[in-house]
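Participant: Sequences listed follow chains C and L, in order. Here the working numbering is used: the first residue of the first sequence is 3, the next is one more, and so on. Here the working numbering is used: the first residue of the second sequence is 56, the next is one more, and so on.
Treat the hints as calculated values from the structure; they're not laboratory data. By construction, the Cβ of each residue, glycine as well, lies at the ideal position given by its N, Cα and C atoms. Worth double-checking, as some hints may not be accurate.
Said to hold, decoys possible - Straight-line Cα separation of at most 35 Å, DSBU-like style, residue types lysine-lysine; simulated pairs: (1) Lys370(L) to Lys434(C); (2) Lys410(C) to Lys329(L); (3) Lys307(C) to Lys370(C).
Unchecked claim - Part of the chain C face toward chain L, derived, beta carbon under 10 Å: (4) Asn95; (5) Gly122; (6) Pro269; (7) Thr276; (8) Gln415; (9) Gln446.
To be verified - Just so you have them, the derived chain L footprint on chain C, three or more residues with Cβ under 8 Å: (10) 416-422; (11) 437-445.
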Amino acid sequence: MKKKLLAMVMAGAMVLGLAACGEAAPAPAAGDAAPAADAGAAETAAPSGGSGEGIRLVNGKIEVDAMLKEAAALYEEETGKHVEIESMGGGVNIQDTLKGYYQADNMPDIFVCGSDADFGNWDGMLVDMSGEKWASDTDAAYKNDFGTIGFPYTTEAIGLAYNADLLEKAGVDPKSITGPDAMKKAFETLDSKKDELGLTAVIGWCTEPKDLYWSTGSHSFANYLDSGLSRDDTTYSDMLADGGKIDETRFEHYAEMVGLFNQYSDPALLTSGTYDQQILGFASGKYAFVTQGSWIGATMTSDDKDAYAEAGNFKCGMAPYAFEDGIDTILTNSPSWWAVFDNDNKADSLAFLQWLSEDKGQEILVMKAGFISPFKSCTFVAEDPFAATISEYTAAGKTSSWHWLKNKAGMDQNALGQVYADYALGTIPDAKAFTSTVSQVLQQYYAE
Amino acid sequence: MKTNSTGSKMFSLILLAAGLIGLIGALAMDFSGSQNAVRGPMLIIGVVLFFVGLYFFPTLKYHRQIVYVIFLFPLLFSFAVTVIIPLLLGIGYSFTDWTGIKFTQVVGFANYIAMFKDPAFIWSIFITFIFVVMNMVLVNLFAFLLALLCTSGMKGVGFFRASYFLPNLIGGIVLGYIWQFVFNNVLIKITGGISWLVQTRTALMAIVIVYIWQYAGYIMLIYVTGLTQIPGDVLEAAKIDGANATQTLFEVKIPMLASTFTICTFLTLTSAFKQFDVNMALTNGTGSVPNFLGNYLSNGTQMLALNIYNTAIAKNNYALGQAKAVLFFIILACVSLVQVRISNKREVEL
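Extracted from the complex, chain L is given alone in its bound form (with noise of 0.2 Å):
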């Protein structure tokens, strides 16, 4: 942009108007539902001509700006389309009837109302914050220890180390379907008779078994690199202070993964929240609860992610279930936060 003359004014503008008109004009005959094949090359036509005008507009002082703009503008896009849009879209649609093809009339809070008066729902938010406790403590837990194994220079760890990882490649559904045959054909020997799945406590014990199998390997990786990055001169040190194996564990290697351990305890956290596939497959949510708030329920393992899906889907119920996916996401988010924070400030302080 050596010159502000007109003519290269001129020519940015033209390109800029072309670009905008095939744009408008391809968006509109989208809208309209026509079927005219020329609608396609013509937004992307239109796009191109704008954002070449665009960048040819005579200007030194915004001529940085404007570079920058276009080539974030892909990015954003997508992040708009397949993110914020949706979210939006969402949230709206939670205050209407949308039947998942239409909706008839704005019902306000209705939804969220209908949510918190429904018992089966309580239950999934009260039993959904207590697998996800007893997540965070097992399957860290587990890792760790499996870490240390892993670690401890024995031999054959390369096999154990790639084992206790392989569940993790398997997908959660054929995880579930796996371990449905499992507890109901083989350990159904050793339970007496009756499968672990088909009362709500055990089957709640079979979700977090089945889960910190499969969850235990992925983390202990992470644990694995932490404690081998640990400075050989440090725990060097440590040994000719004079310190045990207990002492150089707990004084030593533990307050140095201290970033390990946030990593680990957020990813276990988020990630039970978001339960779903294991759920789905090993139990749909069935199990009863005799009494809970003076009601009978049948949804006694059903987290709160299929319950979500499950008034969507089954219950023909999306207005309601997109109300439910809303709280979800205020829930998961203020629970990321709040995590992030806490561990922040405590890496500073360790």
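Just chain C, same shape as in the assembly (with noise of 0.2 Å):
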């Protein structure tokens, strides 16, 4: 009696798991990636086969979720067509999970992508925009072999960050700023007047492998392809293309500055901190630069809020990584594009980015997101602490372009990250042995 009892249970217990994974099928992965919020919503998203129930956008920046979905809910008021918004990040790899998505037949009409290599993901499957009216209002549009494949929805710019209260108060001008002796001579000037500004240290610059290896060799090394250059000249990412190959002259001025970061960077933070921290020890005034680009505006509003109205709300600026003399620009680009997935409902994706691009989009997009709108016909301006600068180099013409999207994937995590460690840590010792180990090291990674 007791034997078929436990059989029983075990049967049961088999068809119950047998049923479990029925239940699980028809919505394959959209609990773990969605937000808990989304979770009803989800049920909605999962047959994205059909029509008629609406659209589904992978949005690859977490923390204008709120945001893109007021935007959804006005579009539906507006239209009637509902706008699924399905945001990642916070240690996601996107294009990973989107291949998941694809596997599944769960694809997104609208995705996320930031590089040549996730565009080549998806080579033939997007849907070429270059007809549509927004792509004559941008000059920032993702375009390849296949076409207009990419919608820009935002500005970022690297730069050489620096908090414009506390050079006015050293006497340093950040217009200075022109080359590699004057570079030095204001970090010279601030870190003698340390103790009276309150400084900890001049330059914020982290160079930890582990977590913030996009912030050295990518956005760093993106001085040395693209500082100073047109944006259309592809001289140095043309090279690196070609086998991993290196401008050593180049390349040595430039890795005479990251010499000089590494020396006047904080040493509690330089080898081992955290983004998090270097962007509050910038956002309290304990730095006067900070080697992050524009996108830390963001964060010096939201998280480090109170931090930074302690240090005054104090203005910020950008000035050009100068390695070398008659270096001016600064780095702008659309850092990442919003995909249209060529499925059944791709006229409605289109009339919805197109919607965003207009006035009631970007008035949400600039004016809650703090996007830095690359529209040219969009009148609203950001609140953020770095729109002005950005706006400034823009008119003036000096702003170069971001090829180091071009780099081949994952090599700032593989090969860079912890090269530029290796300097800052001292195991690299001179400029010299930087630049021959990152020519190793890259056409090592370009060759495999």
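Dock chain one against chain two, each of which comes alone in its own frame, and use the hints as you go.
Facilitator: So, in structure tokens, the structure goes:
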């Protein structure tokens, strides 16, 4: 009798197990990527193949999730078309998740792509948007052999961010930073007045390789590739693409600047600091410079709001990374794009993107999400600490492009990040050794 | 199946045919991309009809076998879907240029050749073996000592047992981040301003320490069970014969724990080989090796599992990652088989 009961229980458990599999199947992976609040909404998003259910957008900037949902709600109110926003972030590899969605036949209609490698994944599967109205209103769209396949939604800038109030107090004119000597002089002046200004260090520069490899290996390295060049000059990224070669003279000049950063950075954070610590330090006025781009404005005015207010909500600006005389540009670009997947819903997707590029969409994206509009017709200006400096450089035509987006996939994480850390640590002694190591590592990485 | 009448035979054949038609029809609809909602129920009804037909098939000779198959089917089916088919697909993909989305050509052994030409991968294999050996020894040593402490009959043993086990209840990722914070913000004050995590050698030590901290408590529990199961009369006999504590430990307790040692070495070996989460959360494979086979490596602490993951995800090379995973599977299977065989032999001898 007992044995029979046991067998019944086991068989029951098995049936339950199978039934549970059946239940879970219709909404693959919707739960683990979407925030809990989306649980109900995910149901509607699941049968992506069908039409009439609205469209789904996978967003890669988790910090603007709420604002995008607001825009989607307004759009639904106006047109009656539902748009589902699914935000990913915080260490999720979006392209990898999308590949999973593709295999599970659960592709979103619009999704984020950030580089050549990302777009390369979807060759021939994306809609060419060159005929859209917005396409003639911007220079920042992503184009390749398959046409205009990326919708730009914001502009970000990489430059040597500084605390304008502090520099003024120290008597350093940021406009004077036009070459390596001037930069060195500015650093020395600030260093000598550290106590007086309440500085912990002159510059917030972190080379921790595990979590900040992208800051060093992509964004800082980008300055070697593009600083001072015109927007369509691809000399150095072409060299890199050709077997990972670098121009040793230019790179050594750049390496000397990195050496200067290593010297004047906060030793407590140089090799093991985190992004949060770095930004908090800058927002609280402990560093005069910081080596992060314009996106830190959002962090300074949200997460670090209190520290920033305490430091007097100081004015910010950006100087060029002038590692050679005459470099006078900062690097601006759309950091990533939205691509439209070629399926039955594509007309709806295109209509939504067009709406976003117009007044009502732009008002939310710029004024609420803090985006810096890539559209010429947009009249809104974000209240971002860096918005003014970016438009100044853009108006003066002093911007370079982001050709680092063409770097081989994973180069920052798997090749360069560690070399920067070693240089900061001192295991790589000087700019010359740094240059030769980078050269070796890149050639190795491109040969793989 | 008392009668072998043609009527029941007909009945069963009709069921079988109907089941097969439903099954094939549903599958055909699915593969052709149809969105018809009928195909799900059709599939299930088809399968059920097929098996009912099979059950009522009028045969005395094979009836028992048929029943076995019917009962085994759900399990075999799930096993095939979740293990066997992915394994075979994976091996297949490793011979192509699969991108995670599609593949355009079969490349033969190119992925396998590339893999062995990659010094970073050789390094990963190398440190994984070192890590496994260190862990097998150290985890078992610590766990056994803790188990001895926890069975020594001192006060508050229950509390200590629970607290040693507690780290095991924290997931590896969380634990990795906690220890990253500890190494970078607390221990840095002792280690002279440079975190242990930034240099390969110390970072490897850090991973070993965290791993022992996490895993020793779990293995300890198994040893505790083993130690408490040693019959009291044997220990009493040893005592009467005048054996001291050390002699009891080495001559009585350890030999009697032979099977427990087998289980524990096996567990630590395979789990150390598969080490991934702590490795990823603590260092994510960073750390430099200035000169390994003439190359500068930047994946000093990247163990095999993480290397595979990184190849596929960060380097966007799914096919090569898959080839590495096949090798990983082969290594793991061999090591496990050898281990079990050796342990079994020793158990018999003791």
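Participant: Check the structure against each numbered hint from earlier and tell me which ones fail, lowest number first.
Facilitator: Nothing - there is no hint that the structure violates, so all of them hold.
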